[in-house]
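Asker: Here is what each chain is made of, one letter per residue.
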Amino acid sequence: MTASRLQHTVASGVVLLVAALVTYISFTQQPADAFLFPRLISIFFIILAVWNFARAVSGVAKVGTGLNATEFKNILPGLIVMIVFVFLVAKSIGFYLSSAIAFMIIYTLYDPAPYSDGKAWGKRLIVTVCFMAVMYCLFALLLKVQTPSGILF
Amino acid sequence: MNKLMKTLATGFAAVAMTAGAAFAADYPERPIGVAVSYGAGGATDFQARIVTMVAGNEDILGQPIYIVNKPGAGGRVGWNWFATEAEADGYTMSAYNIPHFIAQSIKGGVSYSADSFEPIANWGADPAVVVVGKDSQFNTIQDMVNFAKENPGKVTLSGAGLFVGHHIAALQIEKGTGAKFAYIPTKGGGAAAMKAVIAGDVMGGINNLSDAFRAREAGNVKILGVADLERNAEFLPDVPTLKEAGYDVDNASVNFRGLMVKKGTPQEIIDKLAAKVPEMFAHARVAKRMKAGGSPMKIMNRAEVQAMWAKRQETLKDLLAGL
Amino acid sequence: MEFLSYFGGVFEPTAFLLLLGGTIGGLILGATPGLSPTMAVALLIPFTFHLSPTQGLILLGAAYTSTVAGGAVSAILLKIPGAPANIATALDGNAMAKNGEGARALHLSFLSSGIGGVIGVLLLIFLTPVLAQWALAFSYSHLFWMAILGVTVIGSLDSKSFVKGLLSGCIGLWLSMIGFDDNLGAQRFIFTDALAGGIHIIPALIGLFAIPQVMEMFAKGRNNAAIEAIEVPKQSLMDSMKELTRNVRALSIGTIFGSIIGIIPGVGGQIAGLVAYDQARKFSPDKDKFGTGHPEGIIAAESANNAMVGPSLVPLLTLSIPGSPTAAVLLGGLIIHGIFPGSDLFDNHPQVAWTFINSMLIGQILMVIFGIYTATWAARIARAPMPIMAAAVMVLALFGSYSVQQSMGDVYIMLSLGIGMFFLEKFGFSAAPLVLGLILGPIAESNFTTGSLISQAQDGPWVYFLTGTLNIFLIALVFASVAYSFWSNMMHGKAVKKMQEAAS
Numbered sequence: 001m002t003a004s005r006l007q008h009t010v011a012s013g014v015v016l017l018v019a020a021l022v023t024y025i026s027f028t029q030q031p032a033d034a035f036l037f038p039r040l041i042s043i044f045f046i047i048l049a050v051w052n053f054a055r056a057v058s059g060v061a062k063v064g065t066g067l068n069a070t071e072f073k074n075i076l077p078g079l080i081v082m083i084v085f086v087f088l089v090a091k092s093i094g095f096y097l098s099s100a101i102a103f104m105i106i107y108t109l110y111d112p113a114p115y116s117d118g119k120a121w122g123k124r125l126i127v128t129v130c131f132m133a134v135m136y137c138l139f140a141l142l143l144k145v146q147t148p149s150g151i152l153f
Numbered sequence: 001m002n003k004l005m006k007t008l009a010t011g012f013a014a015v016a017m018t019a020g021a022a023f024a025a026d027y028p029e030r031p032i033g034v035a036v037s038y039g040a041g042g043a044t045d046f047q048a049r050i051v052t053m054v055a056g057n058e059d060i061l062g063q064p065i066y067i068v069n070k071p072g073a074g075g076r077v078g079w080n081w082f083a084t085e086a087e088a089d090g091y092t093m094s095a096y097n098i099p100h101f102i103a104q105s106i107k108g109g110v111s112y113s114a115d116s117f118e119p120i121a122n123w124g125a126d127p128a129v130v131v132v133g134k135d136s137q138f139n140t141i142q143d144m145v146n147f148a149k150e151n152p153g154k155v156t157l158s159g160a161g162l163f164v165g166h167h168i169a170a171l172q173i174e175k176g177t178g179a180k181f182a183y184i185p186t187k188g189g190g191a192a193a194m195k196a197v198i199a200g201d202v203m204g205g206i207n208n209l210s211d212a213f214r215a216r217e218a219g220n221v222k223i224l225g226v227a228d229l230e231r232n233a234e235f236l237p238d239v240p241t242l243k244e245a246g247y248d249v250d251n252a253s254v255n256f257r258g259l260m261v262k263k264g265t266p267q268e269i270i271d272k273l274a275a276k277v278p279e280m281f282a283h284a285r286v287a288k289r290m291k292a293g294g295s296p297m298k299i300m301n302r303a304e305v306q307a308m309w310a311k312r313q314e315t316l317k318d319l320l321a322g323l
Numbered sequence: 001m002e003f004l005s006y007f008g009g010v011f012e013p014t015a016f017l018l019l020l021g022g023t024i025g026g027l028i029l030g031a032t033p034g035l036s037p038t039m040a041v042a043l044l045i046p047f048t049f050h051l052s053p054t055q056g057l058i059l060l061g062a063a064y065t066s067t068v069a070g071g072a073v074s075a076i077l078l079k080i081p082g083a084p085a086n087i088a089t090a091l092d093g094n095a096m097a098k099n100g101e102g103a104r105a106l107h108l109s110f111l112s113s114g115i116g117g118v119i120g121v122l123l124l125i126f127l128t129p130v131l132a133q134w135a136l137a138f139s140y141s142h143l144f145w146m147a148i149l150g151v152t153v154i155g156s157l158d159s160k161s162f163v164k165g166l167l168s169g170c171i172g173l174w175l176s177m178i179g180f181d182d183n184l185g186a187q188r189f190i191f192t193d194a195l196a197g198g199i200h201i202i203p204a205l206i207g208l209f210a211i212p213q214v215m216e217m218f219a220k221g222r223n224n225a226a227i228e229a230i231e232v233p234k235q236s237l238m239d240s241m242k243e244l245t246r247n248v249r250a251l252s253i254g255t256i257f258g259s260i261i262g263i264i265p266g267v268g269g270q271i272a273g274l275v276a277y278d279q280a281r282k283f284s285p286d287k288d289k290f291g292t293g294h295p296e297g298i299i300a301a302e303s304a305n306n307a308m309v310g311p312s313l314v315p316l317l318t319l320s321i322p323g324s325p326t327a328a329v330l331l332g333g334l335i336i337h338g339i340f341p342g343s344d345l346f347d348n349h350p351q352v353a354w355t356f357i358n359s360m361l362i363g364q365i366l367m368v369i370f371g372i373y374t375a376t377w378a379a380r381i382a383r384a385p386m387p388i389m390a391a392a393v394m395v396l397a398l399f400g401s402y403s404v405q406q407s408m409g410d411v412y413i414m415l416s417l418g419i420g421m422f423f424l425e426k427f428g429f430s431a432a433p434l435v436l437g438l439i440l441g442p443i444a445e446s447n448f449t450t451g452s453l454i455s456q457a458q459d460g461p462w463v464y465f466l467t468g469t470l471n472i473f474l475i476a477l478v479f480a481s482v483a484y485s486f487w488s489n490m491m492h493g494k495a496v497k498k499m500q501e502a503a504s
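Just so you know, the sequences run in chain order A, B and C.
All residue numbers for the first sequence refer to my numbering, where the first residue is 1 and numbers rise by one.
All residue numbers for the second sequence refer to my numbering, where the first residue is 1 and numbers rise by one.
All residue numbers for the third sequence refer to my numbering, where the first residue is 1 and numbers rise by one.
A few of these clues could be false.
With a Cα cut of at most 30 Å, we get these calculated DSBU-like pairs of lysine-lysine [as the list claims (entries may be wrong)]:
1. 298/B / 288/B
2. 91/A / 282/C
3. 160/C / 494/C
4. 220/C / 123/A
5. 62/A / 242/C
6. 494/C / 73/A
7. 123/A / 98/C
8. 119/A / 494/C
9. 282/C / 73/A
10. 272/B / 134/B
11. 276/B / 222/B
12. 160/C / 73/A
13. 494/C / 62/A
14. 272/B / 222/B
15. 98/C / 220/C
16. 144/A / 154/B
17. 287/C / 62/A
18. 107/B / 134/B
19. 222/B / 144/A
20. 107/B / 317/B
21. 91/A / 291/B
22. 317/B / 149/B
23. 107/B / 144/A
24. 298/B / 107/B
25. 73/A / 220/C
26. 263/B / 243/B
27. 134/B / 144/A
28. 282/C / 119/A
29. 119/A / 98/C
30. 298/B / 91/A
31. 272/B / 144/A
32. 289/C / 144/A
33. 154/B / 288/B
34. 298/B / 311/B
Which chain C residues stay away from chain B? Per the calculated CB distances, all over 12 Å, these [as the list claims (entries may be wrong)]:
35. 49
36. 219
37. 455
Keep in mind that the hints were calculated from the coordinates and are not lab data.
Built from N, CA and C at the ideal position, the CB exists for glycine as well.
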């Protein structure tokens, strides 16, 4: 299955937009010396992006599966958890605690076992604790990385 | 439910307040990080690792110091990060290189200046030296300067980057001799600049005394002159200063290395570090390792460093005014 | 044959224990996402303070060899390349692990690492003086052309569409320019504070490879329980060895390219694996199988990046010039003990120099033994149920990208790149050419800038970049590579058309 022509057009349109922005910045920013190389690259970038866009519009682009609604619905909850976890809470709550919570949530969201199954909850808890213990041993004890501890841990 | 939340919130607040009060007295209660603005293995990096190795001793800080490398753009990446993103809590220090960061801040385009940081203490001073390959036609600094006067802009000199000690030295040499050189900043620090000299990619180079000393021991280069006020008696007693050779070049390019914290760090913590860190630098084991590595030491306390920073700020402003 | 007389030093009880510890520790550190060999060696330097110079170097040498091989473990099992060297391994290795052949992939990876590695060290022992001259011959113009040669590989690397491969490469080149410009210190494309430090290669690798894969797992949803269905046949060591002997072509391509490219200062280590992978594919009759779990891919990539270890130390040991970041760290480790590489090292401290080299030789063998021994056990990781795997890779990505420079900025970059890459992959773009652009951009640019500056003091840029035997040779290679890519692209297009016509 390949993506629809519309999807390809939108995707290559976004890439074209980025290429246009890069080209614009490269040619307008100073000092010129420092932007010599970006200018060179951006010329290739924009030519390729236009070519790619033309192929998408004319329906020649066939590579790539594109996105479908079911898949996207499946991804969305996990993606939201991941973004909230990394961008918003990891630093302020502390790496270890927030990781444990995020791990547990992702595991629960995508675990086929039903939510009413008490044994499954126990397993999830044990796996989470074990995994975090390994992470702690590896990063805190062995490598002595100082992770942000936030307000808790 | 609401009550529980309230209790929890009060609890947190109480914990936070106690932590704040106990902060300075117990400092440090966990390992301290030092951000080095150059790559692992470079002179600043390995010297920083040596001088901080006894920090964990009970009579020094009682907590180990670990190194985090943030290399890029001649140090700008690391110091920019330190000035904008690091916490001013005493648990993140940075290694400074003078004249590098002051020259860069005068030149502009960065988010720091000498006022963004508080010096703690200085551990080393590494003068810039002029080196040429072992088969070079130049045997003295006069040979090189005379050649450059006859062929303006044809003598290529490699160095670790723009607005670092090596560049300052090159600018001073041009000013002091009246000859025109082509200064070539290389990516990859002093090691890359030295490679260019040994491989013959450039006609000569400006490099750190410690690295040049090792390269000469290995039989790869000749050292023509030292950009300092006096000869280096410990490592290079036979190499003349540029001043002796009759050129007006002082010690403005000498690379001073030390530790600093961010402005806004509690005064008690600065005082404690300023008292303990010079002791750490002076430790016998540190001195032994530094000497073995060919790295000249110069321990200065906080007040001395503050004076040195202020003086460099003035000299560099004059030197860079014409550029 | 001088090295033989110093073998005793390696087998002294303390030294051997250190060697063993360095090897096992190195494998663990290398397999940890976010820890490149450079950082692993830097982390071990404080331990050498308490050891004699010889012992310290044994530890560092063993750790260096095994971290490079250890990076393959996370590349294969988690699709998180430990370092740029392991990118190519992730392409086929992870596909194999997903088919339940993780143990086979690990066996092949360790065996070819060991063989490549031993040959690399032997080159270091016997050809050092010749190789040192070769390393010095590469000046700025040559390194620039080398980088361009690498760029020409982009179009054909792991991408079904030529245009999209090149476009992915351009995106990578652009990403590499973000941050402070290395030569002039000007700020470029810094839209937010997190980007001020530029895009560090390791967090970028973690994001670009691991995050799309996590999202792929999310896409399967919660009711898909078919993940643990694959029954794994037990992989015997004999079978793996036989498989290796059937793939001598890939093994020799990997070893030869790895050791030749490894010597070139500043370029070698990062691209050796990718270039060898690409060449192995060009020479292989099974081109289309690459990227789907083909043993040749793993063998070429892993033999190349361990073959590089020995030769990459040549400039360091003979001329005191560190040719790679890891060599720079080793130099620091030597200097701390008052030993200066160069003629001084071999003349006045031969026992240090040769014991170090010997320890890398024995270290390679220990690394293979230990790696094979744990492979079956480690391969189970890749078979963990999908939700656990997704959550674990996500958390590892966070910790790994943070620990590189202890910076939240790197973490944000990691996730943003990863999410972007997921969508790009859905439309036929791929991560490998993008990463190659990210690696080669700074090399091409800085050598171009520095070369131009030098040329201005000489006969101008045209003479500097376009004359000289080595320049012309490299330029010819660039043209040959471009021509080959176009030709094979056209042939492929024709073949596809024919197939479609036949089908309709």
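Asker: Given the hint that residue 107/B pairs with residue 317/B, test it: the Cα-Cα distance must not exceed 30 Å.
Answerer: holds (9 Å)
Asker: Regarding the pair residue 494/C and residue 73/A, is the alpha-carbon distance no greater than 30 Å?
Answerer: Violated. Residue 494/C to residue 73/A sits at ~38 Å, over the 30 Å cutoff.
Asker: Could you grab the alpha-carbon distance between residue 282/C and residue 73/A and see if it respects the 30 Å cut-off?
Answerer: violated (40 Å)
Asker: What's the verdict on residue 91/A and residue 282/C, does the C-alpha distance respect the 30 Å limit or exceed it?
Answerer: Violated. Residue 91/A to residue 282/C sits at ~46 Å, over the 30 Å cutoff.
Asker: Within 30 Å, alpha carbon to alpha carbon, are residue 298/B and residue 311/B?
Answerer: holds (17 Å)
Asker: Take a quick look at whether residue 134/B and residue 144/A sit within 30 Å of each other, Cα to Cα.
Answerer: violated (44 Å)
Asker: Is it true that the CA of residue 287/C sits at most 30 Å from the CA of residue 62/A?
Answerer: holds (20 Å)
Asker: With the threshold set at 30 Å, check whether the alpha-carbon distance from residue 98/C to residue 220/C stays at or below it.
Answerer: Holds, because 14 Å separates the two Cα atoms, which is no more than 30 Å.
Asker: Quickly compare the C-alpha distance for residue 494/C and residue 62/A to 30 Å and report which way the hint goes.
Answerer: Cα-Cα ~15 Å, so holds.
Asker: CA of residue 119/A to CA of residue 98/C, is that 30 Å or under?
Answerer: holds (28 Å)
Asker: Once the closest CB in chain B is found, is it more than 12 Å from residue 455/C?
Answerer: violated (10 Å)
Asker: Take a quick look at whether residue 272/B and residue 134/B sit within 30 Å of each other, Cα to Cα.
Answerer: violated (48 Å)
The structure fails to meet hints 2, 5, 6, 8, 9, 10, 11, 14, 16, 18, 19, 21, 23, 26, 27, 28, 30, 32, 33, 35, 37 from the earlier list, while all remaining hints are met.
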